[in-house]
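**Q** If you want the building blocks of each chain, they are given just below.
2 protein chains.
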Amino acid sequence: MKIIEAKKKDINCIIKMNKEMADYHWKIDNYYKSGREIEFGFKKWILKNFGKRNFKILIAKEKNKILGYGIAEIKKPKPYIRPKKIGHLTNLYVKEKYRRHGIGRQIFDKFLEWFKSREIKHIELSVDSRNQIGISAYQKYGFFEYQKKMRMDL
Amino acid sequence: MKIIEAKKKDINCIIKMNKEMADYHWKIDNYYKSGREIEFGFKKWILKNFGKRNFKILIAKEKNKILGYGIAEIKKPKPYIRPKKIGHLTNLYVKEKYRRHGIGRQIFDKFLEWFKSREIKHIELSVDSRNQIGISAYQKYGFFEYQKKMRMDL
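If you're matching them up, the sequences are chains R and L in order.
For what it's worth, the working numbering labels the leading residue of the first sequence as 112, then goes sequentially.
For what it's worth, the working numbering labels the leading residue of the second sequence as 112, then goes sequentially.
Among these hints, one or two may not hold up.
No copy is singled out in the list; a pair is fine if it fits within one copy or between any two copies.
Derived BS3-like pairs (lysine-lysine); straight-line CA-CA distance at most 25 Å [unchecked claim]:
# : residue 1 : residue 2
1 : Lys155    : Lys172
2 : Lys113    : Lys138
3 : Lys155    : Lys208
4 : Lys138    : Lys196
5 : Lys159    : Lys138
6 : Lys176    : Lys130
7 : Lys138    : Lys227
8 : Lys232    : Lys138
9 : Lys260    : Lys189
These are computed hints drawn from the structure, not numbers from a lab.
The shape of chain R in the complex, shown without the other chains (with noise of 0.2 Å):
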């Protein structure tokens, strides 16, 4: 199995699985679009960034099978918050038959590299407060809550 940058070919598995992680997060809470919405947004979003410097996927291949992948980008963070630029990861996913596995860490410490390259201080993501594989995944890569995001339905 190896962590590598993904290529033009790689993108409609991607979208697959960006399918299946909408999916997840739309049976949470309907407040999520479901996969079959994001899918148009999530590739043309996909296209326009692809290739940029301050954004990058990264997928887990092993011989020709894709089983997880990850978007991570630099940014300006909020014009409250100090530091001028922050890493970001977007996204981490790995198809359920492959984890526990220690995939997921792989594909983020690949990325922390590229952030320690580029001189990124601090890294941010943001996680559903019910998604509880996620909350203690990243718990368990070093990240701590700092901030929660409240909602009302009226």
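Given the coordinates of chain R, work out where chain L should sit on it, guided by the hints.
**A** Just chain L now, with coordinates in the frame of chain R:
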């Protein structure tokens, strides 16, 4: 005491309260900029948005004293969110010595009327996880946590 829309002449007082709020966060975590550091950008942002249809500043005023203020916006949410527009409670601040008199609640209720008149069905806000005063107040208003923002400092 009355809750009214801010006028241009109130901006300096709002900037002063915003600096107090920034300093509160900066003392919790110096990942946030201090009051002095955010002042200039905040003023620019206020002046750019003042009077716009999707932007509203309310103040709580008694005689000639401003006791607190709030800023709310109507926005397009992130692309993976179902509703086409959401309400956003961007700032809500009551000066320390006027707290525990329901002033924040009255400001929020006025925003709620505005959101309803604009057919908003969902309101979001972000709050620091260590700001227990804010979290408790927002829960009382009817907000629930649905996402966590996590961070790693390298």
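**Q** Now look at each hint and say whether the structure bears it out.
**A** Quick rundown of the hints versus the structure:
1. Lys155 to Lys172: within (24 Å within a copy, 48 Å between copies)
2. Lys113 to Lys138: neither (31 Å within a copy, 43 Å between copies)
3. Lys155 to Lys208: Neither. Shortest intra-copy (28 Å) and inter-copy (51 Å) distances fail the 25 Å Cα cut-off.
4. Lys138 to Lys196: Answer is between; shortest inter-copy Cα gap is 21 Å, intra-copy 34 Å.
5. Lys159 to Lys138: neither (28 Å within a copy, 39 Å between copies)
6. Lys176 to Lys130: Close inside one copy (17 Å), not across copies (53 Å); limit 25 Å.
7. Lys138 to Lys227: neither (36 Å within a copy, 27 Å between copies)
8. Lys232 to Lys138: So Lys232 and Lys138 pass the 25 Å test across copies only (20 Å; inside, 35 Å).
9. Lys260 to Lys189: Both, since 14 Å and 13 Å are each at most 25 Å.
The structure does not agree with the numbered hints 2, 3, 5 and 7 stated previously, though it agrees with the rest.
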